[in-house]
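Next come the chains, spelled out residue by residue.
2 protein chains.
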Amino acid sequence: MSSFLPQSIRTLIEEFSKLPGVGPKSAQRLAMHLLHSPESRVNALSDAVGGLKKGLQFCGMCWNIAEDSICRICANPARDKRQICVVEEILDVVALEKTCEYKGVYHVLHGALSPVDGIGPEQLKVQALVDRVRELTNSKFQMSNVECQMLNVEDQGGVGAIEVILATNPGLEGETTALYLMRLLQPFKVNTTRIARGLPVGGDLDYADELTLTRALQGRAAYC
Amino acid sequence: MSSFLPQSIRTLIEEFSKLPGVGPKSAQRLAMHLLHSPESRVNALSDAVGGLKKGLQFCGMCWNIAEDSICRICANPARDKRQICVVEEILDVVALEKTCEYKGVYHVLHGALSPVDGIGPEQLKVQALVDRVRELTNSKFQMSNVECQMLNVEDQGGVGAIEVILATNPGLEGETTALYLMRLLQPFKVNTTRIARGLPVGGDLDYADELTLTRALQGRAAYC
Numbered sequence: 176m177s178s179f180l181p182q183s184i185r186t187l188i189e190e191f192s193k194l195p196g197v198g199p200k201s202a203q204r205l206a207m208h209l210l211h212s213p214e215s216r217v218n219a220l221s222d223a224v225g226g227l228k229k230g231l232q233f234c235g236m237c238w239n240i241a242e243d244s245i246c247r248i249c250a251n252p253a254r255d256k257r258q259i260c261v262v263e264e265i266l267d268v269v270a271l272e273k274t275c276e277y278k279g280v281y282h283v284l285h286g287a288l289s290p291v292d293g294i295g296p297e298q299l300k301v302q303a304l305v306d307r308v309r310e311l312t313n314s315k316f317q318m319s320n321v322e323c324q325m326l327n328v329e330d331q332g333g334v335g336a337i338e339v340i341l342a343t344n345p346g347l348e349g350e351t352t353a354l355y356l357m358r359l360l361q362p363f364k365v366n367t368t369r370i371a372r373g374l375p376v377g378g379d380l381d382y383a384d385e386l387t388l389t390r391a392l393q394g395r396a397a398y399c
Numbered sequence: 176m177s178s179f180l181p182q183s184i185r186t187l188i189e190e191f192s193k194l195p196g197v198g199p200k201s202a203q204r205l206a207m208h209l210l211h212s213p214e215s216r217v218n219a220l221s222d223a224v225g226g227l228k229k230g231l232q233f234c235g236m237c238w239n240i241a242e243d244s245i246c247r248i249c250a251n252p253a254r255d256k257r258q259i260c261v262v263e264e265i266l267d268v269v270a271l272e273k274t275c276e277y278k279g280v281y282h283v284l285h286g287a288l289s290p291v292d293g294i295g296p297e298q299l300k301v302q303a304l305v306d307r308v309r310e311l312t313n314s315k316f317q318m319s320n321v322e323c324q325m326l327n328v329e330d331q332g333g334v335g336a337i338e339v340i341l342a343t344n345p346g347l348e349g350e351t352t353a354l355y356l357m358r359l360l361q362p363f364k365v366n367t368t369r370i371a372r373g374l375p376v377g378g379d380l381d382y383a384d385e386l387t388l389t390r391a392l393q394g395r396a397a398y399c
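Here the protein sequences line up with chains R and S, keeping their order. Quick note, this note's numbering runs 175 ahead of the 1-based positions in the first sequence. Quick note, this note's numbering runs 175 ahead of the 1-based positions in the second sequence.
Next up, chain R with everything else stripped away, as it sits in the complex:
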């Protein structure tokens, strides 16, 4: 392919092509764009890629990406450690944090169960979640009502109640994962909840698929 292009351009096109969603044509276009960009821009990108993993590690608590052994969210004393929101990816944490609604902590699975792709519980941070929940229930992590009020944390189901929110994607793999985790966590007697599935805000009933509508009906709540 493009054997009359210089080697350095071909190498870059090849590397770009390996990225998800970047085909050979896009890779060519990106390489050409950089070729016409000033040296400083090209170096900035090279340094950004090269420096990506420097000083980065996974949080020992929630497996989110972190600059220290514990991520900023887990290290924040204002976050409710009794509420664990289980998500598939790091970017899901970013999306949820943007809402400024959630005051608990997270657990990043780094994927979802997918037998077709050979992804079982061992490939995900499932055992880490189980260990975490076990430790939490054993330690009888307790908070007084006063503490709850101070931290502006809602008391759900009694003082010291632990909640695991299953916030995997509402697709086949995410639902399978949620169901699997729900069963796995049953022995610990923690509150296991699933994020609501229904019509997205601004959505159109007319255009919604049957499954979404079914979920929206099933999940209906008292209008207030």
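Among the hints, erroneous ones may be present.
To be verified - Just a few of them, taken from the derived set where beta-carbon distance is under 7 Å, the chain R residues facing chain S: (1) PHE179; (2) GLU190; (3) LEU194; (4) HIS208; (5) LEU209; (6) GLY225; (7) LEU266; (8) LEU354.
The hints are simulated quantities; they were obtained by calculation from the structure and are not laboratory data. On a predicted model such as this, the values are computed, not experimentally measured, just so you know. All residues carry an ideal CB built from backbone N, CA and C; glycine is no exception.
Using the hints provided, position chain S relative to the given structure of chain R.
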């Protein structure tokens, strides 16, 4: 944006976002993909970007990208130097070379005339083309019939005839550029041709736009 992601990830997302066709979401996805890739893959990309411009320069003859002062095509003695194919971009050379049909040389303009974007002839390699054609006509670059046959070059319009093929894109800017160049080169009395515009092979008359159909009709040739 995503202020709870570590700095190195945010920097990379920002750099990726600057690339054409890469929005903030794609940039996030690319960064996350690299985060989950082995160190060697990440370094390979970083090195490929950083090494892109090393040892590269523009060909002093045709302004194609080259590893030496003259590109491989111009340096090839088998290529007919009397036939200059004028294209907008380096990738157009790649596309034309893939056909294995063309045995002449190229001239890369590095863009097309676009007054709206402030791109005039000064921003393009137009003067270089004029100088090149002038030099060619002055030197009376001659080839004997025997030489033509040896090089398997078709003799178009007599021995020593120079042809400039205007192969800019068949859009508004490309057509403007072709028209401009045609007039600019008129005094040199070289053969100036324009690549054919018509229905693409495998195309459907029914789906072709009016302009393409008009061009296809205007450009009709004897059926043989």
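Structure-based check of each hint:
For the restraint placing PHE179/R at the interface with chain S, the shortest Cβ-Cβ distance is roughly 5 Å, inside the 7 Å limit, so the hint holds. Hint status for GLU190/R: holds, given a least beta-carbon distance of 4 Å to chain S, under 7 Å. With a cut of 7 Å, the hint placing LEU194/R at the interface with chain S holds, because the nearest CB-to-CB distance is about 5 Å. For the restraint placing HIS208/R at the interface with chain S, the shortest Cβ-Cβ distance is roughly 5 Å, inside the 7 Å limit, so the hint holds.
Given hint, LEU209/R at the interface with chain S, holds; its Cβ is 6 Å from that chain's nearest Cβ, closer than 7 Å. Given hint, GLY225/R at the interface with chain S, holds; its Cβ is 4 Å from that chain's nearest Cβ, closer than 7 Å. Annotation: interface hint on LEU266/R holds; nearest CB of chain S at approximately 6 Å, less than 7 Å. For the restraint placing LEU354/R at the interface with chain S, the shortest Cβ-Cβ distance is roughly 25 Å, beyond the 7 Å limit, so the hint is violated.
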